[in-house]
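There are 2 protein chains.
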Amino acid sequence: MTEITQTFEQTIEALIDAKKYSTIRDVLTTLRPADIAIILESVDNTKLPLVFRLLPKELAAEAFVEMESDQQELLIRSFSDAELKEVVDELYVDDAVDIVEEMPANVVSRILRQADPDMRKMINEILKYPEDSAGSIMTTEYVELRPDMSADDAIKRIRRTGIDKETIYTCYVTDKDRKLIGAITLKTLLLSEDETLISEIMREDAVCVNTLEDQEEAAKALSKYDLQAIPVVDQEGRLVGIITIDDAIDVIEEETTEDIEKMAAIMPTDKPYLKMTPFEIWKSRIPWLMLLMVSATFTGMIISSFETALAAQAALTAFIPMLMDTGGNSGSQASVTVIRSLSIGDIEFSDIFQVIWKELRVAILCALTLAVVSFAKIQLIDVLLLGHTSVTIGVTLVVCFTLALTIIAAKFVGCTLPLLAKKLGFDPAVMASPFITTIVDALSLLIYFAFATLILKI
Amino acid sequence: MTEITQTFEQTIEALIDAKKYSTIRDVLTTLRPADIAIILESVDNTKLPLVFRLLPKELAAEAFVEMESDQQELLIRSFSDAELKEVVDELYVDDAVDIVEEMPANVVSRILRQADPDMRKMINEILKYPEDSAGSIMTTEYVELRPDMSADDAIKRIRRTGIDKETIYTCYVTDKDRKLIGAITLKTLLLSEDETLISEIMREDAVCVNTLEDQEEAAKALSKYDLQAIPVVDQEGRLVGIITIDDAIDVIEEETTEDIEKMAAIMPTDKPYLKMTPFEIWKSRIPWLMLLMVSATFTGMIISSFETALAAQAALTAFIPMLMDTGGNSGSQASVTVIRSLSIGDIEFSDIFQVIWKELRVAILCALTLAVVSFAKIQLIDVLLLGHTSVTIGVTLVVCFTLALTIIAAKFVGCTLPLLAKKLGFDPAVMASPFITTIVDALSLLIYFAFATLILKI
Numbered sequence: 001m002t003e004i005t006q007t008f009e010q011t012i013e014a015l016i017d018a019k020k021y022s023t024i025r026d027v028l029t030t031l032r033p034a035d036i037a038i039i040l041e042s043v044d045n046t047k048l049p050l051v052f053r054l055l056p057k058e059l060a061a062e063a064f065v066e067m068e069s070d071q072q073e074l075l076i077r078s079f080s081d082a083e084l085k086e087v088v089d090e091l092y093v094d095d096a097v098d099i100v101e102e103m104p105a106n107v108v109s110r111i112l113r114q115a116d117p118d119m120r121k122m123i124n125e126i127l128k129y130p131e132d133s134a135g136s137i138m139t140t141e142y143v144e145l146r147p148d149m150s151a152d153d154a155i156k157r158i159r160r161t162g163i164d165k166e167t168i169y170t171c172y173v174t175d176k177d178r179k180l181i182g183a184i185t186l187k188t189l190l191l192s193e194d195e196t197l198i199s200e201i202m203r204e205d206a207v208c209v210n211t212l213e214d215q216e217e218a219a220k221a222l223s224k225y226d227l228q229a230i231p232v233v234d235q236e237g238r239l240v241g242i243i244t245i246d247d248a249i250d251v252i253e254e255e256t257t258e259d260i261e262k263m264a265a266i267m268p269t270d271k272p273y274l275k276m277t278p279f280e281i282w283k284s285r286i287p288w289l290m291l292l293m294v295s296a297t298f299t300g301m302i303i304s305s306f307e308t309a310l311a312a313q314a315a316l317t318a319f320i321p322m323l324m325d326t327g328g329n330s331g332s333q334a335s336v337t338v339i340r341s342l343s344i345g346d347i348e349f350s351d352i353f354q355v356i357w358k359e360l361r362v363a364i365l366c367a368l369t370l371a372v373v374s375f376a377k378i379q380l381i382d383v384l385l386l387g388h389t390s391v392t393i394g395v396t397l398v399v400c401f402t403l404a405l406t407i408i409a410a411k412f413v414g415c416t417l418p419l420l421a422k423k424l425g426f427d428p429a430v431m432a433s434p435f436i437t438t439i440v441d442a443l444s445l446l447i448y449f450a451f452a453t454l455i456l457k458i
Numbered sequence: 001m002t003e004i005t006q007t008f009e010q011t012i013e014a015l016i017d018a019k020k021y022s023t024i025r026d027v028l029t030t031l032r033p034a035d036i037a038i039i040l041e042s043v044d045n046t047k048l049p050l051v052f053r054l055l056p057k058e059l060a061a062e063a064f065v066e067m068e069s070d071q072q073e074l075l076i077r078s079f080s081d082a083e084l085k086e087v088v089d090e091l092y093v094d095d096a097v098d099i100v101e102e103m104p105a106n107v108v109s110r111i112l113r114q115a116d117p118d119m120r121k122m123i124n125e126i127l128k129y130p131e132d133s134a135g136s137i138m139t140t141e142y143v144e145l146r147p148d149m150s151a152d153d154a155i156k157r158i159r160r161t162g163i164d165k166e167t168i169y170t171c172y173v174t175d176k177d178r179k180l181i182g183a184i185t186l187k188t189l190l191l192s193e194d195e196t197l198i199s200e201i202m203r204e205d206a207v208c209v210n211t212l213e214d215q216e217e218a219a220k221a222l223s224k225y226d227l228q229a230i231p232v233v234d235q236e237g238r239l240v241g242i243i244t245i246d247d248a249i250d251v252i253e254e255e256t257t258e259d260i261e262k263m264a265a266i267m268p269t270d271k272p273y274l275k276m277t278p279f280e281i282w283k284s285r286i287p288w289l290m291l292l293m294v295s296a297t298f299t300g301m302i303i304s305s306f307e308t309a310l311a312a313q314a315a316l317t318a319f320i321p322m323l324m325d326t327g328g329n330s331g332s333q334a335s336v337t338v339i340r341s342l343s344i345g346d347i348e349f350s351d352i353f354q355v356i357w358k359e360l361r362v363a364i365l366c367a368l369t370l371a372v373v374s375f376a377k378i379q380l381i382d383v384l385l386l387g388h389t390s391v392t393i394g395v396t397l398v399v400c401f402t403l404a405l406t407i408i409a410a411k412f413v414g415c416t417l418p419l420l421a422k423k424l425g426f427d428p429a430v431m432a433s434p435f436i437t438t439i440v441d442a443l444s445l446l447i448y449f450a451f452a453t454l455i456l457k458i
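Chains G and F, in that order, give the protein sequences.
Take 1 as the starting number for the first sequence in the working numbering and just add one per residue.
Take 1 as the starting number for the second sequence in the working numbering and just add one per residue.
Derived from the structure by calculation, the hints contain no laboratory data.
Any given hint could turn out to be false.
Given that identical chains are not distinguished, each listed pair holds provided it fits within a single copy or across any two copies.
As the list claims (entries may be wrong) - Cut-off 25 angstroms, straight-line C-alpha distance, at most; resulting in silico cross-link-like pairs (DSS-like, lysine-lysine):
no., residue 1, residue 2
1, K165, K187
2, K187, K156
3, K275, K224
4, K271, K224
5, K423, K275
6, K57, K187
7, K423, K224
8, K283, K377
9, K165, K57
Bound conformation, chain G alone:
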């Protein structure tokens, strides 16, 4: 699919240069909003308003939603009040909120001035919820039914009011205080007899989330129960909005990216990579780099305190990188496995002993394999092939024993730290490779010098 839009971008560029505007309009109207947004991204900023105005109203609004916020801002600034109103009128309220959140204050007040009073009220309601809460991503455009309606009444109501609703496939049943008492799918309604009462066929135990809950919880519930939408209720249990599955997918993708960034020692940001300035990227990367660099002071101190030992047995130094890297890799395998299993709900803190016991057995298998391979490799390559006479059998044994014990220690640290972080309410994802590596480096050196002292008597 990516290849096709690529070609379209070049075509549109050529058509703009040739000023063939009606052709551009005809071409763009055959496409879907998401693809139009991709094509418009490559259009020169000075030409963008011109090309955008070629689109039919409804399609223009749909494509607008899919665009990046810098292009949205540029367009809004070029719109007349009447044009802005046309776009805003076509938006679903949750999309309008997404756009408003990214805009500077003066653009926001222009958008709100053009929105009709109902829309303005809904936008302001949603803006009140804290960032990343379920309330902040919900939409208030859903179908609400009463328990004493018949299936036929309900379908008639949907046909009358459905046009503005973000989904009509799951409807929510409320009592006279607007408290959520059930949910019913359009499928159930359509497959029921006309006169059946909603109260007889609705699901009473509708899964719902609270406005203040984390958006990730809402997304997980949608995915776990295979729902199309999940209702959002306030502290009193009153229905205030719904979150639809397409928004949940975006949340899951966003949160996964955050997890992956944290695992790589990056402070998460909301912006796509190519939209960030080098200074913004620097800000997201430097804190962990600096912290980890400074904490490597400990490894330096350990090496310094064994300076004389290293001078006596110069061959030992050459194996330090291999020992540290293998330890780091072993530890990060365990930590990343545990972090991901925690995040998709495969394990939780109470599984800690089962996890440790499993990792211990894996660690012993890995330690044995690598120690044996390492022994063979050192004797064959370093001693026989490269003729390093300083690599004695004693040194080889120190290296192999250290390797084995480091792997076991690394897997233990790697699997326990994320679980402990979770228990203490921190994000397990920061306990990934870089953090584990720093700890395992120090451990591996301590083990190395302990074995060296013991076996080589230095």
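Take the given structure of chain G and dock chain F to it, following the hints.
This is chain F only, laid out in the frame that chain G set:
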């Protein structure tokens, strides 16, 4: 939500011990299938068939789908043929295929014997598609309409046949050769006049995937275009199935886990962590560990060849871990950012120069910051506080220059390798931290000894 099921598990355990089976039945029937599956997971294997038989038929089949394959197999082995038929009859065909794929041959043939002929034919059709293809995860239970039907006819047809369909919210329009010619949502149908023809209101440019395309492509298209379902067509463009959004979410989660595992030098597996034996985990982790360990031979060789230099300036050794770690972290920040951006479609190979230019500026900012901080840290802590007289200004400068240049090299390697891997048709995810670290280690040592030779004249 996790806390609640936890308590339920204990309640059910106590009720099983007290043999209060009708209470168990009453409790379980208030729950959703996904939660029942979680609770059943903690039930002892010898009691599982007994507890499962307490569930009403339909709920039993729904919970069965959500269970882990080892428990499904145990249950199937305990079922009579009649019981097995009851469960199989309630399954959607894509769920049946998922189950069949995990079972040993003798269980599979029992399942197929109990399935009715239509179901058996559909299962066999889907099983023919290659693993991870769109065809292998599709369902054949969808609503098919003809262009010359009226909206009212279509709704009547849905009401008549909808019960067995996995979704009725998007229907697909085919011509007399079963070629896909359009799609129409139930919303459009319901909001149209009764006598409107389908051909007038359907979307003709329905996004579709081919049976042999990667399941990930199908999932991405569903998410990009905010669809509820995507039609799957064969080589001749004939409609053969659909993939629904809930399956797409599972695919996205699975593929992301694979990416994350590859980034941590683990060979991806399909099994959840707790279900894997230590030997299976070992098999998934040892190949990369061994490869990376052996390639660390190069770093050892570099250090060996500078043995005399290190002996002359013993202070140099203590900074090796810090330089290697900071280089590795800088590189993996860049590589992980690029890998994730590639995977969510934010960048592609053609952006390579833009990426390199951005990373270069970020690298220079990071390099300057860390070199300055490192200089201050060495002079304040190592020299003044710890009184290491061997750390001269010369040594400090060697360390800081190496640090700066290593960071720049690491960011360059980190951002280019995943893009090149993508271009050459490899998976960019393996170009993450462990791989980059091994390369950057060797680079940082070469830079280190070059600066040492230059500045310290050793």
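Now for the hints, and whether the structure bears them out:
Within a single copy, K165 and K187 get their C-alpha atoms as close as 17 angstroms, and across copies as close as 10 angstroms, so both meet the 25 angstroms cut-off. Taking the shortest alpha-carbon separations for K187 and K156, both the intra-copy value of 14 angstroms and the inter-copy value of 13 angstroms come in at or below 25 angstroms. Proximity of K275 and K224 under a CA criterion of 25 angstroms is satisfied inter-copy only: 19 angstroms between copies versus 33 angstroms inside one chain copy. Taking identical chains as interchangeable, the C-alpha atoms of K271 and K224 lie at most 25 angstroms apart only when they sit on different chains, with a minimum of 18 angstroms there against 28 angstroms within one chain.
Within a single copy, K423 and K275 get their C-alpha atoms only as close as 36 angstroms, which misses the 25 angstroms cut-off; across copies the closest is 23 angstroms, which meets it. In this assembly of identical chains, K57 and K187 lie within 25 angstroms of each other by CA distance solely across copies; the values are 21 angstroms between and 32 angstroms within a copy. With identical chains, the CA atoms of K423 and K224 are at most 25 angstroms apart within one copy only, with a shortest distance of 23 angstroms there and 36 angstroms across copies. In this assembly of identical chains, K283 and K377 lie within 25 angstroms of each other by CA distance solely across copies; the values are 20 angstroms between and 43 angstroms within a copy.
Only within a single protomer do K165 and K57 lie at most 25 angstroms apart by alpha-carbon distance; the minimum there is 19 angstroms, versus 35 angstroms between protomers.
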